[in-house]
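**Student:** Given next are the chains, with one letter for each unit.
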Amino acid sequence: MSGSGSLDLPAGRPRQDRQAVTRRPVLGRTVPSRALLPWAAGPAWFIAALVTWRWPDADDFPDTNQLAALFLAAGLGLTAAAALRRLSARAPWAIALGLGFTAWEIAQAKLLWLPRPFFGTPQDLLDVFLTDWKRLGDSLLHSLGLLAVGYGIGAALGVAIGVGLGRSLRFRYWVRPLIRLIGPLPPVALLPLAFVLIPSGRLASEALLALAACFPTTILTWSGVAAVDPAYYDVARTMGARNRFLVLRVALPAAMPQIFVGLFMGLGVSFATLVVAEMLGVKSGLGFYMQWAQGWAAYPNMYAALLVMSLMCTGLVTLLFKVRDRVLSWQKDGLKW
Amino acid sequence: MVTTPTRTAHPLGLELDHIDHGYMIGGAFTPVLDDISLTIAPGEFVALLGPSGCGKSTLLRLIAGLEPPHGGTILAEGTPITGPGPDRIVMFQDPTLYPWRTVRGNVALGHDIAGRKDPASVDAAIELVGLKSFERAWPHQLSGGMAQRAALARALVNDPRVLILDEPLGKLDSLTRLTMQTELHRLWRDRGFTAIMVTHDVEEALLLATRIIVFSPRPARIIGDLPIDLPPHRHRDDPRLLDLRKNILVQLGHSADW
Ligand SMILES: Nc1ncnc2c1ncn2[C@@H]1O[C@H](COP(=O)(O)OP(=O)(O)OP(=O)(O)O)[C@@H](O)[C@H]1O
Ligand SMILES: [Mg+2]
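Quick mapping for you: the protein sequence lines, in order, are chains A and Y. Here this note's numbering is used: the first residue of the first sequence is 1, the next is one more, and so on. Here this note's numbering is used: the first residue of the second sequence is 1, the next is one more, and so on.
Bound-form chain A, shown alone (with noise of 0.2 Å):
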């Protein structure tokens, strides 16, 4: 933000000028804004609270005193931080937040605006966490496991396979026209054999997340490995290097920025391979919940559920970036999450 300052001064100004000029405080017009704006967090959504509390609802919904005490709490909770000056970067968005609630709360459960199995309130989905939290939650964790499961094992698989098509001529003479056989088949067409051919569900489902997530990270490791410098070779071979320190110290720790490319493409193909596998095979987790949300015509559950899974997503995609910016710590830059 320092920088932008500069930004705002004429152009065709000598650069040392422009340089001097941003030292010195002329950010002081950004300043106060700055200051203020983690202070109008809470009210954002002291206002939601009150909105939901005092104006009356358009039929009879659950839990909307619930609501407006959660609502509260956030509020008190981002006053707080604002007061610990914890709230800088993130301020604009707690303040639209807080606002985009309100509107919500107007339109739907003050106004009803939308027609209202499709379309829920607030107060309905708090109403969903609030009384079926548990099989939410088991449905998590059954999709979790499942993850775990099949794209570990598909991820290990894949990294394996594509150093072997990196780095052996044997290996890829065999390998690689099963790879262009299978590789490119979406997994989910293969559900239907898996469960005939799998006699259990889990079993099957886990296979096909294996093979989805396989795939991709195949394929980049393999290029990760081919584009590996062969001076780096080199250098290790007059030291004296054999091949397991070829393939484990060199090639590997070269190819690692691009396998994670392949671990991040196979994450995603794991999702989708997740809920399908969910819905067809297993009959639990967070794709059968909401299929079954859906079958009843229970809306509300089925946002829920879709709000359950978009974070337990992103939540393994952040913690996939924590790992990569771990072990990739000596690259120069790299993609911020």
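You may find that some hints are simply not true.
Simulated coverage check for chain Y against chain A, where a stretch passes if three residues somewhere in it have a Cβ under 8 Å from a Cβ of chain A [as the list claims (entries may be wrong)]:
id, stretch
1, 68-80
2, 86-97
Computed Cβ-Cβ distance ranges for the label pairs, DEER-style [to be verified]:
id, chain 1, residue 1, chain 2, residue 2, range
3, A, T314, Y, H70, 56 to 62 Å
4, Y, I223, A, Q331, 45 to 51 Å
5, A, F321, Y, G253, 54 to 60 Å
6, Y, I25, A, G315, 52 to 58 Å
7, A, P230, Y, H140, 19 to 25 Å
To give a feel for the contact side, a few chain A residues facing chain Y, derived at Cβ under 7 Å [unchecked claim]:
id, residue
8, A231
9, D234
10, V235
11, R237
12, M239
13, G240
14, A241
15, N243
16, F245
17, P253
18, W330
19, K332
Everything labelled a hint here was simulated from the structure, so no lab data went into it. We treat Cβ as the ideally placed atom computed from N, Cα and C, and that holds for glycine.
Since the structure of chain A is provided, determine the placement of chain Y with the ligands on it from the hints.
**Tutor:** The following block gives chain Y with the ligands in isolation, referenced to the frame of chain A:
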């Protein structure tokens, strides 16, 4: 100055017997080395001089065992070289540091490969090239000359019997270069390894080497083989050096009155 542990190295003698080599470039075979025969005695310091692109680095690759020559044999102590080995350590023309290892990790590479723990020698090598305060830096945080010095340290920790240097000091400023030349010379005398060094700097070759080989333009043939019979402590202004310098420059194609 840092004291490096003096070891009784057994320098390796090399015998290059009618070496031919070449590459396919753009569909056509390009000869690079033409009938190179050369015997290097254990403990010699040989400097290789020749025009750019003539095949000096290629010859070093063959001696290192990274590629087999198309024709001829290379013997080390009478046995043919069939592959690379830690007795012949190369410092390549490009530093090729591993970007995922810190400077210290790069210097310790040879120890990691050999499964040896010897942090003291890593310390000594890093200090020798003056990178003590950068040992935890990543390679992308180094300047070109610093990377080259790190690569030199990485080669030195291995205690080689032959040290193969491809323009080891090419990217250094003239002052650092003088210091590194002195250090290199001292190391060679203390440890007694055989040294083979490619350089474009005739003066550097004259100061360090016991023998200078001059190559023709590609395909490289040996056109000059000059023993430098001067005491190890040489002075830059020694008139004998100036004479030799003129002589070599003429062989490299410069006119004598330069
Ligand atoms: N891997 C390779 N594939 C094809 N051609 C090569 C290869 N390596 C070297 N050459 C060719 O061999 C010739 C000699 O190259 P080399 O690197 O040995 O030269 P050099 O004497 O070290 O030059 P310089 O002093 O510029 O480093 C060049 O013409 C180059 O094009
Ligand atoms: Mg070269």
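**Student:** Hint by hint, which ones does the structure fall short of?
**Tutor:** Numbers 1, 15 - these are the hints that the structure violates, sorted from lowest upward.
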